[in-house]
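> Take a look at the letters that make up each chain.
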Amino acid sequence: MANVLKVKELSKQYSKVLAADKVSFEIGEGEIFALIGPNGAGKTTTIRMISTLLTPTSGDAVVAGYSIKKNPEKVRENITYLPDEAGAYKQMTGIKYLRFMAGLFVSDLDRINACVDRAKNICGLGDRLNDKIGSYSRGMIRKLLLARAVMTKPKLAILDEPTSGLDVLNAIEIRKMIRKLAEEEGMSFLLSSHNMLEIEFVSDRVGIISKGHLMVTGRTDELKERYSAPNLEEVFERVVKENEVH
Amino acid sequence: MKFINLLKKELSELINAQMIFGLVISLSLFFIMGNVMQSVTDELKEDSTHPKVNICDLDDTELTKDLISSLKESCEKVNIISVQGENYAAPMNGSDIKGYVVIPKGFTESVEKGEKSELISVNKVKSASMFSSLTGGTDGTIALINSFVTSRLAEQKGLSQDDLSTLESPVTITENTVVADKSAKISVSSVLGKITMQNMLLPIIILVLIMMTSQSLIASISNEKIDKTLETLLSTPVSRGTVITAKMLAAAIVAMINAGVMMIGFSAYSKGMTSAITSDLPGDVSVSDAIGGLTSTNDAFRQLGLSLGAFDYVLVGVQLFVTIMICLALSIILGALVNDSKSAQTMLLPIMMMVMIPWFVSMFTDVNALPTVPKLIVNAIPFTHTFTAIPNLMFGNMKEFWTGFVYQLIIFAVVMFFALKLFKSDKILTMSLNFGQKSRFRKSSKTTED
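For the protein sequence lines, the chains are A and B, in the order given. In terms of our numbering, the first sequence opens at residue 1 and continues consecutively. In terms of our numbering, the second sequence opens at residue 1 and continues consecutively.
Bound conformation, chain A alone (with noise of 0.2 Å):
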């Protein structure tokens, strides 16, 4: 399986925090990758870096072939980055706002077309799109922003806590999505959560996170035996225990 993101000791420090200290993981193509770890472990700095937002201090990641610090263009032609919490242009229509998008990733009309036909498919807000983004709800902009995340079919989609503001339902929705895009057109995701139980529904493996250091990576089944913890929940509380040890 060809790596579509190959990170290699990724590093990014702001005047006093080291948020990322030498972080390197692979995603290949059709798998899906979660990174999980507490609150300021570094999850979103590792992301944005990827995502070209903000420039490493040290270290690289090649996306589709592409370096971060050299090509930061081509790579965001690779990718979509969905962030937390993240909105939408609220005067504009949903669909106004999937066809603005979809002319930033693509120029020609009928492309533009398809993404946006897509797109209507994968959110299932019918006749809502053609409402401003300002009257829906958190759960429909989500959704929104999902599909407008997957609509180009990346290289690989970056999603920082993917199914925040969804009910159950939504949420197991959207998963079942991420897994159907990963298998049938072979995209490659890059998730954050803090839902371990999603986390282990969705991904293939994961990567624990804590104060920068990404302190184990593997498979779901695989971290269980190794730590004997009947969930991932359990293992991520032992990796981190673990660490705050050593």
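Calculated from the structure, these hints are not laboratory results. Check the hints yourself; a few may be wrong.
What the hints assert, rightly or not - Straight-line Cα separation of at most 30 Å, BS3-like style, residue types lysine-lysine; simulated pairs: (1) 421(B) - 2(B); (2) 132(A) - 153(A); (3) 228(B) - 211(A); (4) 90(A) - 70(A); (5) 22(A) - 2(B); (6) 424(B) - 69(A); (7) 211(A) - 241(A); (8) 211(A) - 427(B); (9) 427(B) - 16(A).
In this text the structure is predicted, and so the values were computed from the model without any measurement.
Assemble chain B onto chain A, guided by the hints.
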């Protein structure tokens, strides 16, 4: 294509129903104000060209009868009023009379004795407005009565009309005004009056342009940060330079629309205000004399080199463009500092100060004539040079004009450099100003570290 897509989005955000409604209201207000001012100035003109005399003759002698007959010859309408005792308000109640003159008992006797005679002037005040005292007053009537009495006194003393004229105005003053090395036969007050009227429009347009541009761009950037759409936008395959250019261009277009509407509205207002003032009136009395000695002075302006040519207006336009660019560059930096809607409003304050200070200073004094330290301080504000551009061009202060222009270009280059550096760096996502709000700052820091 991507740039057009971004520009359309920025414009659709800025040009909305609220903005259009605001513009329509502003425009309507200017037109209404213009019409109101025109009605006031028309009234002034009417009073001057067709003076109305309201007079009460309590003396009732041959002389006062002759006086009233004389008034009837020189005025279109002479209204005779009766007053009971000292109840001067009674004749005005329920009528449109704004003022009248009372010839008291003993008036003729005083005239015949060659003593100073007394007249009673009664004027009604309906409001505290500047022009309220200029219409329908008794000044014209008193002037005519004075003239009549003077003639009678001259006759008594055996003086001819020429002698009288010399006595009334023994010295004739020919006023000359010098600008640089040119001079013209015109009073300084007339020159300054016309310059003030002409230049009233531009500073207001500059003010509106700068405020609207700043507000648009600060709001555009801060809304992206507050609504958390900026990260999504910056993660798309569009360069940050393209994003910021689209934002700047959209803000500039909206500012131009605003300035255009304001210009149309203000022109209508000015036209209403100056139509009667600047017109030449028959006879010696003109409305312009009544409100500050402003006369039709186009020839004198050309003679003094105060009229601006096409090239001068091009220079003013270019300088205005550089001003807008400085304003946009500053707004990028200020917008990047915004973390919530409250701080977005606060961020407009520095720009507002930088506009208001030179506006007020240039309105009341000549910046070039200030003492060195205040002059340096005021000239350090880049927008000062926009406000002083037209006066500098008018009075041939080309050194000051070009120095100001070059200074603005340097300021623009420096501010734009920092603005682009900021927008292309991590700081656009991590930097914020929180005036004393420690908890918010901690929250913000935590997000960046997560």
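> Going through the earlier hints one by one, which of them does the structure break, listed in rising order?
4 and 5
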